[in-house]
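K.L.:
Sequence lines, in order, name chains A and B.
As numbered in our numbering, residues 1 to 177 make up the first sequence, in order.
As numbered in our numbering, residues 1001 to 1898 make up the second sequence, in order.
Just so you know, the hints here were simulated from the structure itself, not pulled from any lab data.
Do not rely on the hints blindly, as some may be mistaken.
[Unchecked claim] In silico DSSO-like links for lysine-lysine, alpha-carbon gap of 27 Å or less:
hint : chain 1 : residue 1 : chain 2 : residue 2
1    : B       : Lys1208   : A       : Lys132
2    : A       : Lys97     : B       : Lys1737
3    : A       : Lys97     : B       : Lys1761
4    : B       : Lys1364   : B       : Lys1761
5    : B       : Lys1802   : B       : Lys1824
[What the hints assert, rightly or not] To give a feel for the contact side, a few chain B residues facing chain A, derived at Cβ under 10 Å:
hint : residue
6    : Ala1487
7    : Arg1706
8    : Thr1707
Nothing here was measured: the structure is a model prediction, and the numbers come from that model.
Just so you know, even glycine gets a beta-carbon here, dropped at the ideal spot from N, CA and C.
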Amino acid sequence: MQSLTNRAKPVDRRPMNFMERMYLPAVLKGMSITFSHMFKKAPTVRYPDETRPFSPVFRGLHVLNRDEEGRERCTACGLCAVACPAEAITMEAAERKQGEENLYREEKYAAKYEINMLRCIFCGLCEEACPKDAIYLSETFAPSNFARKGFIYGKKDLLIPDPKTEAADLAKAKGTN
Amino acid sequence: MTIYIDNKPYEAKAGKNLLEACLAAGINLPYFCWHPSLGSVGACRQCAVKVFKDEKDTQGRLVMSCMEGVRDGVRIGVEEATAKAFREQVIEWMMTNHPHDCPVCDEGGSCHLQDMTVMTGHDYRRYHYKKRTYKNQYLGPLINHEMNRCIQCYRCVRYYHDYAGGDDLNVFAAHNHVYFGRDKDGVLQSPFSGNLAEVCPTGVFTDKTLKEHYTRKWDLTMAPSVCTHCSVGCNITAGERYGKLRCVVNRYNEEVNGYFLCDRGRFGYEFVNSENRVTQPLIRGRMSEAVSEEELMHELSVLLSQQKLVGIGSARASLESNFALRQLVGAGNFYAGISETEAYLTRLIVQVMQEGTLHSASLKDIEQADAVIVLGEDVWNTAPMMALAVRQAAMKTAANNAAAQLSLPAWHDAAIKELVQTDKGFLANITVAGSPIDNIAQVTVHAVPDDIARLGFAVAHELSNTLPALANADEKLLQTARQIAAALQQSKHPVIVSGLSCVNSAVIRAAFDIAAALNNTHWKASVAYVLPECNSMGLALMQAPSAERIFDSSNANDMTALILENDLYRYLPQATADAFFSRCSNVIALDSIHNNTTEKAQVLIPAATFAEADGSMVNYEGRTQHYYKVFIPKEGHIKESFHWLNSMRIAKNNRSNGHGLSLDELLHEAEIEMPVFEGVHDAMLSPHYSIHGEHIPREPHRYSGRTAMYANLNVSEQKPLQEEGESAFGFTMEGFKGQPPADAAPFFWSPGWNSGQSVTKYQQEPGGAFKGHIPAVQLFHDKVDKAPVFFKDIPEAFVARKQKWLVLPQYHVLASGELSSYTKALASLLPEACVVLSETDAALLGVRDGDKIRVHPGTTALPVKVHLSLANGVVLISAGLPGTEVYNWGDWVKIEKE
């Protein structure tokens, strides 16, 4: 049969000679490779104490954004949900009442906003669909939980800390403190 | 005739404009101000096309296609570069001030402006200056106003003011700051205001009740349904999400409601989400009243084996449920849950209609009538959409006359309005206390029912000498009769509208006589009798005696009564209803909402509302219409009444052969049992119906959140609920992806057309019949050659009695049916109940506006309202409002000053 690439090496099928049958040189050769690695730089990092740098386009868990004044940006327009190929987002809209202008940026807001993280495929289409800069995929990933229920992220899990009242938390979340 | 669109030949109908021809040919041509029901005014400049002189002409001229009529062989260019650029520019110009707030706009996702913008290709904004802004108005609890979104198409005023006759919405200011609204904040007065939400191509006017639980159109689970709030039976599309009914929108039906709905129908849906719903089977007097289905069926099998079992049918329950009850208790024990008077009057109407000498007028027939007589019916309040149709008849007749004068095409709205000015077609509105359509009527008479009937008979006599003349009639009445008869003789296809609100059989007979006298080679008259409830006609056709007749049977004691979706306290005077319940040893009630009757029930069974049920209803004209489940309620105990009744039938007979249980089997059984219902099962899409083996999906293909909606309840994706047995519709977005049969489309959508205007794609021509339209099932059949049997018993003239008054119901436009008053938004608009008296009578009793009086045998004192043109000797009492008492309407009562 004709080989598919020109990199194929023919296998040497000659019977082993005495030296080879002793195995010792081969064992030593292998061990020397192993020991040489002790003096090289480790390719792994000590996760989670250490993390690797992320690409700026990394798509991790979602966050719901606030504006500079700490008001929720999401208006529950439903475009992320309709864009979601995994059908993992659902929300219920509500009208902003008088006196809530400091909480919500526009006259509508999401009374309920849920992402089923077990269904989510982290494709980022929600982020792309959002006309209000409200949903972003963060650098956090690998969520863990004791129960499946914990993977249903509600608004309290998704919203970023308020830059005005919880500035320290926000800085911590951003990793800028 | 043939027209050429982009050099391709198309067939077009004469008398249409180019826009209509293009849309009928399936070509996507953007438009705003034109509407099939409103005609063209050429206000928005959006539908520009090129018209060429002949084949050689390459230059062409730009015209507004809605303002140019179809000519044989006309060559137009829709895809012409200049025309396209023009349309794109018009959109760009309209969008300069549009706030681009689609994410917070309720219209988003079903917005004509969005669709048209995408259609023209305009995408990037080049205008970088400050946008013009307006102050919004408070327009009441039904309609939300957001004026910044306006694109000045004028559709709202043209609909509200010109079409529906409202006078409190108008257009103000000029130039670049034209304002559509009221002169000051306030509730919109017209009961047809809800249509603004659909007429407006963008989000200026939106449904305020939807805001309470907002859901985008693409996230609704929808099904074709029928309005249950009056006997007209308008077609609606109801939408659900998360087990809550979210909104009701118009479902086009050429012969019934066309493009519009009344506010009662559009906003009266919220009772489905009411906290007052019956959700659990209850057996009262137990330690724990809420019981499981097994316990319930066990209790019922004991109760149903009682000897004296009677069933009370309902005028607001479906045909299937009423029939299932009749089968359970036996035809001899089946009574209609209405008063004897109402039963007598509906029987008379059924008898008249079944004779078949007169055509039963649909709303379309009324709209196209060239003369209308409203004889004694308060159409505005009892069948609002019919009042709107009556208005169209008056307007269109005048428009047609004017158009014929100058040979103007019918669509040329502005020109025709200019020519017509204030002319109206003939309308005689003969009522007890007047109505808002009085102001478009040539003849208005306010009289007592007997005198209304006498006037009717006098008109009939004028039309046909063979009919008896009035004995000792006064000259004024005869003069009016002559005037009406003369106008009728000028007409070709008049319609006579009457009904039950006069509670007088002579009025019904007189209406028949007038129509029958006009039904020969010269005229083609038809008649419409308004009934009180959505399925009054269906119940009447079952020929069951009224609930009051139960007392007639000698041993009417210790009965076990099964009451189907009926609040007897709404139909019978309290004393009568109390007497009935005192004779029942057991009361089993099936209802969806707690009311006075369900309070009396020992066993209460949760029944489904229209949104959770399948069923058929017969409207006033004998048209059978089927409505389909919108959703399956989360409370698993809520089921259709016929479902419960069938289970009871099995429990009672202690056996089941498995037949007569599904919906279509039940209808087949009904057809065999009662031949009058022949063909009713054709009104529904067969449960076995499928297209290429696929269901019709109730959800749009963009429905979102499927794996997340109920994730808080269960992380794994839940199996969508399915109906027991088969159904043509599926509860998910999966299924047939093409256009479903238009008559049973769960929602209207077409690629590029997300708004309700996509209905055009389902019609043979804009504003015309549906593609593949299946004729409606009519239970009354016209018999052409049959000679009418006239009624000749004319009542005596009304004489007011001393100290006694003739009591008549005064319904309210938002609440003549039972269920709409359970809706929060509508309930807030209902007036306080009152007693209406004539000026003389009020003076006689020594009362003034606002004084409280007590009308016997009622128990509560009500405030007086003095009516200037009401006849003496009559008292009108608010009926149908929550908490109002029921009287023996048409009876004589005593009045006492508080």
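K.L.:
Of all the hints numbered above, which does this structure not satisfy? Sort the numbers upward.
P.N.:
2, 3, 5, 6
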